[in-house]
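Novice: Below are the chains, spelled out letter by letter.
4 protein chains.
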Amino acid sequence: MSTKQELLQNPIQHIDIKQHNVVALVDAMNHMAYSSRDLARAATIYDMMLRDTECGVILCLAGSLISAGLKQVIIDLLRNNMVDAIVSTGANIVDQDFFEALGFKHYVAGEEYKYGAGDAELREMMIDRIYDTFIDEEELRICDETTEKIINGMKPGAYSSREFIKEMGKYLAENGRTPKNGNEDSIVLAAYELNIPIFCPAFSDCSFGFGIVAHQHARQGKPMCSIDSGKDFYELTQLKIQNPTTGLLMIGGGVPKNFAQDIVVAADILGVEASMHKYAIQITVADARDGALSGSTLKEASSWGKVDLTWEQMVYSEATIALPLIAGYAYHKKAYAARTAKAFAQVLEPVTA
Amino acid sequence: MSTKQELLQNPIQHIDIKQHNVVALVDAMNHMAYSSRDLARAATIYDMMLRDTECGVILCLAGSLISAGLKQVIIDLLRNNMVDAIVSTGANIVDQDFFEALGFKHYVAGEEYKYGAGDAELREMMIDRIYDTFIDEEELRICDETTEKIINGMKPGAYSSREFIKEMGKYLAENGRTPKNGNEDSIVLAAYELNIPIFCPAFSDCSFGFGIVAHQHARQGKPMCSIDSGKDFYELTQLKIQNPTTGLLMIGGGVPKNFAQDIVVAADILGVEASMHKYAIQITVADARDGALSGSTLKEASSWGKVDLTWEQMVYSEATIALPLIAGYAYHKKAYAARTAKAFAQVLEPVTA
Amino acid sequence: MSTKQELLQNPIQHIDIKQHNVVALVDAMNHMAYSSRDLARAATIYDMMLRDTECGVILCLAGSLISAGLKQVIIDLLRNNMVDAIVSTGANIVDQDFFEALGFKHYVAGEEYKYGAGDAELREMMIDRIYDTFIDEEELRICDETTEKIINGMKPGAYSSREFIKEMGKYLAENGRTPKNGNEDSIVLAAYELNIPIFCPAFSDCSFGFGIVAHQHARQGKPMCSIDSGKDFYELTQLKIQNPTTGLLMIGGGVPKNFAQDIVVAADILGVEASMHKYAIQITVADARDGALSGSTLKEASSWGKVDLTWEQMVYSEATIALPLIAGYAYHKKAYAARTAKAFAQVLEPVTA
Amino acid sequence: MSTKQELLQNPIQHIDIKQHNVVALVDAMNHMAYSSRDLARAATIYDMMLRDTECGVILCLAGSLISAGLKQVIIDLLRNNMVDAIVSTGANIVDQDFFEALGFKHYVAGEEYKYGAGDAELREMMIDRIYDTFIDEEELRICDETTEKIINGMKPGAYSSREFIKEMGKYLAENGRTPKNGNEDSIVLAAYELNIPIFCPAFSDCSFGFGIVAHQHARQGKPMCSIDSGKDFYELTQLKIQNPTTGLLMIGGGVPKNFAQDIVVAADILGVEASMHKYAIQITVADARDGALSGSTLKEASSWGKVDLTWEQMVYSEATIALPLIAGYAYHKKAYAARTAKAFAQVLEPVTA
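Residue numbers (this note's numbering), protein chains in the order written: chain A, 1 to 353; chain B, 1 to 353; chain C, 1 to 353; chain D, 1 to 353.
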């Protein structure tokens, strides 16, 4: 039987799309069939989004993507002005990205653990498993505690997840968890530095939730912080109103997909006639046939007035394969060159700026 | 081309498990293979949960289930003391159940609409589509507005989704949207009457979100209501602490699955050694191979210390087929007969009670 | 570690649809959404096929269905005049049905074997695994040898799979492997007794293949038997020509689906203008998005002129759940009452009859 | 409404892996999670197969791969000595590869046709659809007729599919359907020139089936040709016996997967202790949970003694994305450089050679 140390020695390494020019490969896929053609069309649509300099690009993240080696892809999209806002599950942002920003790693699990054969012993060793990946649960507890510490440092009040995540970015910057200091770059840090807002509409459903529960437990009866998820929705809708042309780059489905689509309707409710998302791409393996939102087609979203029919594309592929190709295509086509950073976080905090 | 009226004339009818004794059928499936055996084992585990009278049963709902004809199944589980708490996506509770409680319906869409061929014309008519089901968007707007009205009637402050949903139940009771008054029964009403708490951890991500956005927009600068999603987590964790033996009946994955599993860890963080969920069932068609939480096995959850390995079962089936069989099995076995209602909502409001 | 005997003690038991009247349940599903509605519509179409007394019903079988507990369902369809011809993978007919007819069983495998954890030790014990089911490989070898014995007893020549399978039926009848003699009923026997032809278009790809290889090896240089798969196609096409109205009840996809659909085109090539299959149902979990035939929609088949668009239905469900409901529905509706047995095997052997 | 000519103007173009060096990209994927890591491991195993110069590589093809733009990938594997035998569905070899070798094309179908909206009008125009791809049915009929012509030219008797396909290759060579003559290269031609045997175990289930049916119909009562599918099995087993070390590169599942795996058992039945397939890779999106062979894990195959556990890898991906990466990796690593061509077709015809 392996020891904990033996099991946690082969870290996940994040793919660097800057090193792989896939433009010709993806262009070739455009003349094939099935998923390859869909993938190529999606890459082309992402390229169009970026060339349409008015378009605000919203990246949606669901599924365990950062633990899977896609962190650097997202960072590269942020640092190259290819994304203007993020809507994500909490796990990607806190348990995985912020966790790694604190200096921790995810680890490759051997094939034999993939189907659950060793889960009882993993439990004993406090190793958490995500399919074929290991996490040291003791390190994850430090991440939970760090979020509590950050919350404790804030003025009591109701905050959007974006405001909390901004504080997390500030924490990383102020504590030297930066490339400048020899540490790894992170999504939370890059977004903080670049004024790119990150929203987690179900923010208590992650490591941050443990922090807020601990915080509220300690402050019982006293002024405390709370997550105002309505404010999340309000803020993201403001961005739609201020920047009417929008495009969605969605990895996975879930709450982020629904939430980002819904701002079109929310704007309408606030009395502003908002245009549908002009561009929309989704990478997913979810089936449409169970009627759930995660796998529902973007055509279906158009019946709701959320997504325009002209430039939408579903890509049926697991994201670790498809995203490096789609993001790498757009990166190497340099479509971002003509864009000016939208710095959407500033839009939301005009006074502070 | 059909008119809106023609398209919206064949309402979805909710299956009534009380009319179909499937015990012998499901017992027969226990000796077969693949999904039928898994389904039978899941039904048996649900039966066990109910016979274990200490066990608090948490029902998790993700996917568009209520619009699909599963509303009465859930109501029957509530009214027969087979569920003690609900964790759900907002859409099931607000856009679908509360929506129908207001007197509206979902409609059968013809086969030819299923793959998106008519979405442009549906848009024109303000008909929203969920795979093979239609909704009148004008009616949905009334639902949005009703939630705003309810929020406007509340004292400014930060509330858990449970507290808001309780208000929605009160609204239905006070406005005669009850079976007693000749109207249809609803999940929100039944839960209100029976003190069964309903949590929507991503509560702004549904019709209620439109209500809260409109509310906050109108109240700018003045005291207002906010959704405190941390409080959701805190409250559900309290239930775990007060009622240590728990079982999960999960339809679909997403945030509800993760959130309900996480309370074991949250209790631990509050310094209470909590036992893992003793029983866990999930009905899903999500694939495990993309590593996302929705399709991840319950064995994987056991490595996180969230779910016990002994009585867990994944059922690979679309829910409209599997749930009537599993719920119907437990209903007709009458396992609930020995249970006392836990009335968990009272646990959370000792003073008010 | 368990012994072989311990692992092989819990036999798969075949579900008996005659015991479960699911008519009301399935009728209720007709007013729901997603797979339940599709399933109900498919059941209705199967009922229509049977009421259309001119319609020849072709049952297609792919996937390991017999080992999974669906044998009695198929036998009941045959013995109640609800199927007129079968097109199947070889495994279902030979390795599984004929195998059980010889007195052997399939066994329930424990949950812990499902994902491959014990495959190395199973290998040592000569236990073969199909997902969650065990087979004694030594018994399977006897099945292989029996097919060789049957082939050895035939006059050298090129035979269709149908002719071979008829011989297998005769073997069972003559060796007392019949219910009359206290043995279990089988598909091969019932089809033999009722003149229902069974085709396995890829007949060397199963236990029979081992028999024919051994036979041909022993007969090298001497007259021998061969499987003439062209004759299979020719014979099935003759049935289409003689009985123009046809319906397909397909469980799974693969070669049987394609083969049965193709006879429409084959008739055309023989100069007979054949009508498309008037009815078509397929139960499958295969995805359409990889372009493969198994998951391709029946609408796609209509572009090939193989399946009529009016009465076709895909059902997205694993077969062990869906087939008992669909077959049980049609059985209890007694649509077969007005039918006369088509005895298609006699059509193919007018002289012998 | 578009005309037939308008619909058939954008031909599928086959990807050329020689133009895309994906080695660094795939190596990077080896350190990620989920499908990307599986894909990288599969590529590595294919590379190992080729470096193990004793290993005979058997390529299995199921699903509509050639119509999807993967023809040139397969040709490149053949012409660079990276494959020693092929087991395929008939459609890939006859309806698609041989069809294109006759000068015909497959065409890109617009997004709007993908879900079946235009199938009725396609039918009228005699355009056949494979998901997002069009075929001119009139051209396909010429393909059918050509196979009949080839059969008519052969001496009456029972042939393996391999022997028929060799004749098809000879036909192409003798009729100038060769690159030398300015025509496109094809799998059938390349295999013919390189003595690489191609087996289609369900050979009547494709365009060739139409040819054999027409042939047998015309020859009724006279000596005729037949497809001896037992001979297919016998021949492939001979290859396993003569070249004990084998590896499987499987695209899709179905009959080819089962057939190629079964030769280990067949050898055993012929009294030759054969080793399991030493290497095995499968690219598929089929789910394991329905118990069907197509999606069954290679671990399961090891319980049957067919596939060794050490070097096996399932890759969960649609083939048009995964195969160019896996095949391209092995091609650019030049593992084939040290191999001598096995020319397995000569092994099967020692006298003719």
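Certain hints may be false.
Identical chains blur together in the list; that is why a pair holds if it fits in one copy or across any two.
What the hints assert, rightly or not - DSBU-like, lysine-lysine: derived pairs with alpha carbons at most 30 Å apart:
#	residue 1	residue 2
1	K222	K170
2	K222	K4
3	K155	K222
4	K333	K222
5	K155	K18
6	K18	K333
7	K180	K170
8	K334	K18
9	K18	K180
10	K334	K180
11	K149	K334
12	K180	K149
13	K333	K155
14	K105	K180
Since the hints were derived computationally from the structure, they do not count as laboratory data.
For clarity, every value in this text was computed on a predicted model and none was experimentally measured.
Novice: Go through the copies and call it for K180 and K149: within, between, both or neither, with a Cα cutoff of 30 Å.
Specialist: The answer is within: 24 Å in one copy meets 30 Å, while 51 Å across copies does not.
Novice: Please work out whether the CA atoms of K155 and K18 approach to 30 Å or closer within one copy, between two copies, in both situations, or in neither?
Specialist: neither (41 Å within a copy, 53 Å between copies)
Novice: Treating 30 Å as the Cα threshold, decide for K334 and K18: within, between, both or neither.
Specialist: both (11 Å within a copy, 25 Å between copies)
Novice: Reference check for the pair K333 and K222, CA-CA at most 30 Å: within, between, both, or neither?
Specialist: neither (54 Å within a copy, 48 Å between copies)
Novice: Is it within, between, both, or neither for K18 and K333, if the alpha carbons may be no more than 30 Å apart?
Specialist: both (11 Å within a copy, 22 Å between copies)
Novice: 30 Å Cα cut-off: does K222 pair with K4 within a copy, between copies, both or neither?
Specialist: neither (41 Å within a copy, 54 Å between copies)
Novice: When Cα atoms must be at most 30 Å apart, do K149 and K334 count as within-copy, between-copy, both, or neither?
Specialist: neither (40 Å within a copy, 49 Å between copies)
Novice: Between K18 and K180, at a C-alpha cutoff of 30 Å, which is it: within one copy, between copies, both, or neither?
Specialist: This pair counts as within: shortest intra-copy Cα distance 20 Å, inter-copy 40 Å.
Novice: Between K222 and K170, at a C-alpha cutoff of 30 Å, which is it: within one copy, between copies, both, or neither?
Specialist: Result: close both inside a copy and across copies, 26 Å intra and 29 Å inter.
Novice: As a check of your reading, is K334 near K180 (CA-CA no more than 30 Å) within one copy, between copies, both or neither?
Specialist: within (26 Å within a copy, 41 Å between copies)
Novice: At 30 Å max between alpha carbons, let me know whether K333 reaches K155 within a copy, between copies, both or neither.
Specialist: Classified as neither: same-chain Cα gap 45 Å, cross-chain 54 Å, threshold 30 Å.
Novice: Are the CA atoms of K180 and K170 at most 30 Å apart within a copy, between copies, both, or neither?
Specialist: Within one copy only: 15 Å inside, 56 Å across.
Checked against the numbered hints above, the structure breaks hints 2, 4, 5, 11 and 13 and satisfies the rest.
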